[in-house]
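Chemist: Throw the hints in and build the complete structure from the sequences for me.
Our numbering puts the first residue of the sequence shown at 162, with every later residue one more than the last.
If you are wondering where the hints come from, they were derived from the structure by calculation, not from laboratory data.
For every residue, glycine included, the Cβ atom is placed at its ideal position computed from N, Cα and C.
Some hints here could point you the wrong way.
What the hints assert, rightly or not - Per label pair, the in silico range of CB-to-CB distance:
id, residue 1, residue 2, range
1, Met-162, His-272, 17 to 25 Å
2, Met-264, Asp-210, 15 to 23 Å
3, Asn-250, Ala-166, 28 to 36 Å
4, Pro-211, Phe-169, 16 to 24 Å
5, Ala-181, Thr-251, 42 to 50 Å
Claimed, not checked - Simulated pairs of lysine-lysine, DSSO-like, Cα-Cα distance not exceeding 27 Å:
id, residue 1, residue 2
6, Lys-163, Lys-273
7, Lys-230, Lys-163
8, Lys-179, Lys-163
9, Lys-230, Lys-179
10, Lys-273, Lys-230
11, Lys-179, Lys-271
12, Lys-271, Lys-163
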Amino acid sequence: MKEYANNFAQMVDVLAEKTAAERRQAGCGVRQTALRTRVTVAGAATNPDPEVFSWAATQVVTAMDATHKLGRGKLRPVGGREGYETLLNTDLRQEREQIGRFMQLVVEHKHKNRLPRARC
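Modeler: As structure tokens, then:
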């Protein structure tokens with residue numbers, strides 16, 4: 162995760178330089194956590210594996226910080242399909258609680274870093 166965060170930060174720095182040089186402002190940020198195969202098998206924020214949950218959280222936090230650094234600060238996390246193959250062996254109550262906690266952590270990060278309200 163550290164390597165991902167460092168690589169992502171380097172790309173954001175390059176984008177920040179280019180947008181400053183061209184006097185353009187970045188648009189609204191969108192973070193799709195469910196595109197990676199490792200995440201989509203059992204969801205991202207609702208995944209029962211803590212490693213996958215933390216990976217999704219890392220992606221959302223770095224995307225929030227990047228859009229803020231690029232001058233917008235507005236991010237719309239998009240969960241997409243949360244990885245259901247079947248509902249037969251799915252604990253919907255646990256998943257509701259888990260996605261709720263995930264979104265609560267996102268909001269806490271937003272307030273902690275004084276990020277603006279997203280209006281994309």
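Chemist: Identify every previously stated hint that the structure contradicts and give their numbers, smallest first.
Modeler: none
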